[in-house]
Amino acid sequence: MRRASTATAALIAATIAIAGCANGGRSGTDQPGVQGPSSVAPGPAGNTQRTSIATTSIKDLQAALRANDVDDPEHWAQIVTDSRPYPAGPTGEQKLRQVLIQYRATPDDIARITNTLTP
1 MRRASTATAA LIAATIAIAG CANGGRSGTD QPGVQGPSSV APGPAGNTQR
51 TSIATTSIKD LQAALRANDV DDPEHWAQIV TDSRPYPAGP TGEQKLRQVL
101 IQYRATPDDI ARITNTLTP
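Residue 29 in our numbering sits at position 29 of the sequence shown, and the numbers go up by one each step.
Check the hints yourself; a few may be wrong.
DMTMM-like, lysine to aspartate or glutamate: derived pairs with alpha carbons at most 20 Å apart [to be verified]: (1) 59 / 82; (2) 95 / 82; (3) 59 / 69; (4) 59 / 74; (5) 59 / 71; (6) 59 / 72; (7) 95 / 108.
The hints are simulated quantities; they were obtained by calculation from the structure and are not laboratory data.
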């Protein structure tokens with residue numbers, strides 16, 4: 001009887017350990033419990049706390065978009081990075097808007113993304 005209890009306890013411990021490893025790892029600032037960038041959307045365009053598309057990792061872009069309530073931040077971060085490079089200034093902002101329109105972003109998502117990211 002004692003062996004069965006020990007075996008059951010070992011099985012439960014192994015199951016818990018394996019289940020803890022099943023979730024994918026996250027890196028950058030896209031970690032649960034780690035504070036990401038401050039929310040800037042849907043505030044006015046040109047806000048100073050925007051994330052650079054040119055120099056930021058895809059994980060950090062996802063975190064910035066998630067922090068600003070963009071629907072499907074993984075999808076939009078991938079599209080934005082796939083469309084690199086962006087010229088600096090208004091030309092880059094126009095390219096970002098064109099890319100978002102091309103991929104059928106909603107007007108709300110366009111506003112949130114462009115208020116979060118900068119070329």
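Hints, verified against the model:
| no. | hint | result |
| --- | --- | --- |
| 1 | 59 / 82 | holds, 14 Å |
| 2 | 95 / 82 | holds, 13 Å |
| 3 | 59 / 69 | holds, 15 Å |
| 4 | 59 / 74 | holds, 8 Å |
| 5 | 59 / 71 | holds, 15 Å |
| 6 | 59 / 72 | holds, 13 Å |
| 7 | 95 / 108 | holds, 17 Å |
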